[in-house]
Amino acid sequence: MEKYREVGRQVKRVDARDKVTGRAMFTDDLCPKPCLVAKILHSTIGNGRVISMDVTQAKVVPGVVGVFTCFDVPKTTFPVAGHPWYAASAAAKRDVADRRLLDDRVRIYGDNIAAVVAEDEVAANRALRKIKVEYEEYPVTYDPREAMRGTNPPVQEGKPDNVVGHTLAVTPEDRLRAMGYSSVEDAVRDPRYHHFAFHAFTGEQSQAHIEVCVSYCYEENGKLTCVSSTQIPHICRRIIGQALGIPWGSVRVIKPYIGGGFGTKQDIHFEPLNAWLCHQVGGRCVKLELSREECFWDTSGRQPKDFEAEASVGDDMRLHARSIKAWSNTGGYIHHGHALVLNSVNTFRWLYHTQEDAIRCEAWTVHTNGPHTGAMRAYGVPEGIWCAECLMGDIAHDMGWDGVEFRMRNAIVPGYVDEFSPSNTISYRTDGLRACVERGKRLIGWDEKRREYAHQEGPIRRGVGVALLVYKTAVAPFALETSNCQITLNQDGTFQLQMGATEIGQGADTVFCQMAAEAIGVRTEDIHIVSTQDTDVAPYDPGAYASRQTFVSGAACKDAGQKMRERILELAARLYPDAQGGLDLRDHAVWDAAGNRLVDLPELALEAYYNLHRTDQISTRGQATVHQNALVTGCTFCDVTVDVPLAQVTVNKIVSVQDNGRLMNPKLVEQQMHGGMAQSIGFALSEELLVDPKTGRVRNATLLDYKVPTAMDVPELIAENVETQDPMGPYGNKAVGETPIISPAPAIRDAILNATGVKFYEMPMTPQRLFEGFKREGLI
Amino acid sequence: MDMRILKCTLNGRPVQVGYDPRESLLDTLRDRLHMTSVKRGCEVGECGACTVLIDGVATDTCLYLTDWAQGKDIVTVEGLQAPDGTLNPVQQAFVDEFAVQCGFCIPGIIMSAMEMVNSGRTYTREEIRKNLSGYLCRCTGYMNVINGVEKAVDIVNGHVGAGEQDASDVDWSQRVKDGLEADCAR
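Residue numbers (UniProt numbering), protein chains in the order written: chain P, 1 to 780; chain A, 1 to 186.
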């Protein structure tokens, strides 16, 4: 593997000191107080139309500055997903525009129908209660397959079957015919093989970042400024421009530190409304901060999904054919649309499609009157891998096979290329999975525990389980992948690094400093990163999502760093024409080929700025457009105790080992893995947004009722990596941020199966579902 | 409603500030005294992000009326650094043990760790987990946070570093990990 000096170091986080001293500023910390506050009126029906609104009494509440209803806002619709925009030459790739600032057509319970701006929150809330609304009500549909049969009226105009997207990837007919099959169904049910099938469900997980969604807007210098807790400041600017129908250049978005996003803040939920309200009150500063409760049902959680999966397998442990059908519930608005469930069924295929004769992956995304849903960490993949691993677990259990051996007979191998994806750019190019699995097996004590836990009886049982994972890096070739970076030499020989990419807690700023230092040939400590993105000055980058930044933005960072190094050496060559041979920058100085130290970097920097004959403040722009994708693999092993009568699962030990390519900073990778593992434990056992199917209303919109794991629910976490060099990453690296949330949940499911022999297909496996399963199987 | 004047001690200094009697201490600290380390996450005592020490007791300020804070001694994260800027042992351990990610819940957790440090005793990891169970952190899985708290408490009240040059140089997470691996092998 290539040798690096700065990349790979366990550098302390550049933001840690500010964050432990309270000096790190988040959106509301920067907001000038007192300022005007905006509050939203939400519908109390789940489907229908606002006929009329009476705001007379609301307007006279002392402290109220303005009341605005769905009948006052522009008719403009706009898209809100954190996806790239496209030029006219690729207009078909643009996101669907289905949201308005406020809408009289109520599609979900709690839809946004009016807003109040007031001197303080008390006045705003009082005014909200005084608004009288008259509705026309329609029946609520929450089941996606029921919605596909059509609703009157459809959830979104022009979509009578409520279908947002439908895709099918299937083994071509001629290949099936050559094997004597008429269809993939025919292959899966070939009586020469063992057949397995089930229905599965994965619930709506909520991101539950601890900082709520918050922004504030004001007008200055004829421009609209929005300071927002967003993962995607440049996209935020574009969407405010689109929603308000104003030039994008007249909008300025500032993104300070943000208190977690996990995908919620990869949508532009309320910044356009905040900006519009600000303009309505003459450009005065207006803050729009969601309550914790609003965060649960008026931002976008993970799409709930129904699945039907089938497989056939030979006596030789070889998967013969598999099929998956998925129905994803996007709720009342499209947001991220079909891309999520497409990830589910694609990764279902990628993980075990090495020698199958036939495969079929079909998916629908459907509008219902449920809460709108969108991006959450790993973007549909945990749900697809859940299904793949339910199948593998069931097969190994019923056939009496070792779960690890069976999986590894079929798992993705180096050189795997997805045959269904455009241009064959999605590939697994490293060889770390086998070593990951060996390491995980050893750490959990797999063989010993399997023996120990066989033939258990009684109410308390132990089990050990395994699951693998596959994940992609960034969004090429499906979407545009581009980034920019600017590096400037300071007078003292240090550097300013300005990324368009954003720090959202994942450690991006630290890693970019390491990458820039590596490319320039200096120490990480010589790099000053500009952490805040201000779209007036920050280079363009779509932002933090898809585990894309070290891969795509890292390539831009490396490009700028290499250019900086060249420019420094050019300047030295001009100032020292007598230098011998090629020049080198190392140890903060420029050296010639004969080993002469020509000039120290700080001295050279002063020449760059203040040379009497020719100045040249060196500043370089790095750019990257990435067309390739790099698959990541890994595994989780876990040990659980199941208390059958109490329907309670305790995770005793959990080990994840991943092949994420080269690690830019091993401690930061470990941080990501710890957090992902905890979120996956939550998804497996407790986290589910509960929606009343009759009304579409969320029933557990608080942190008390929505069960995020606490320090007592998460065991000691063991996170390791098998380091490889991916040829596509700027420094051999690939995705990290989202990968750890994928495999723990199905590993827990597998351990419960090992402990009890009971197969669960619905996630989360809450005490209620566990009880029902144990009762069904006669354990209780 | 007419304003009242709060007189209390904040981070070791006497302060006076006007407040609305209906106000929570969270809003007074953030909006009137600019202690922005005190974070608002839920406003109903579910997340712990707004924790400060009131007369030495870790308290959710969103559930505490400013009116009750008359004459109290209040400490926030802003008050933990030494006058020369040296980080408090808890702050330093959080930096060294990579306990910080987005950092939003961190000031509250640090104040709870301070309560443990100030108790003069050491804690098992299970006790630390229990004491931190009122805090929600979505980034860290609590692992490095617990490492940081355990290390800081042991540096101040325990015997960590005996025979070692400088206790703060101990790679705590490696220690924990070695212990876990040995445990796995058993």
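Keep in mind the hints are simulated off the structure, nothing from the lab. Be aware that a few hints might be false.
With a Cα cut of at most 30 Å, we get these calculated BS3-like pairs of lysine-lysine [to be verified]: (1) A/K177 x P/K449; (2) A/K130 x A/K177; (3) P/K12 x A/K177.
If you want the footprint, here are the derived chain A segments under chain P, 3+ residues with CB under 8 Å [stated by the list, open to error]: (4) 53-67; (5) 75-84; (6) 106-119.
Beta carbons are placed, not taken as given, at the ideal position from N, Cα and C, and that holds for glycine.
**Request:** Could you tell me which of the hints above the structure violates, numbers in ascending order?
**Result:** Result: hint 4 breaks, nothing else.
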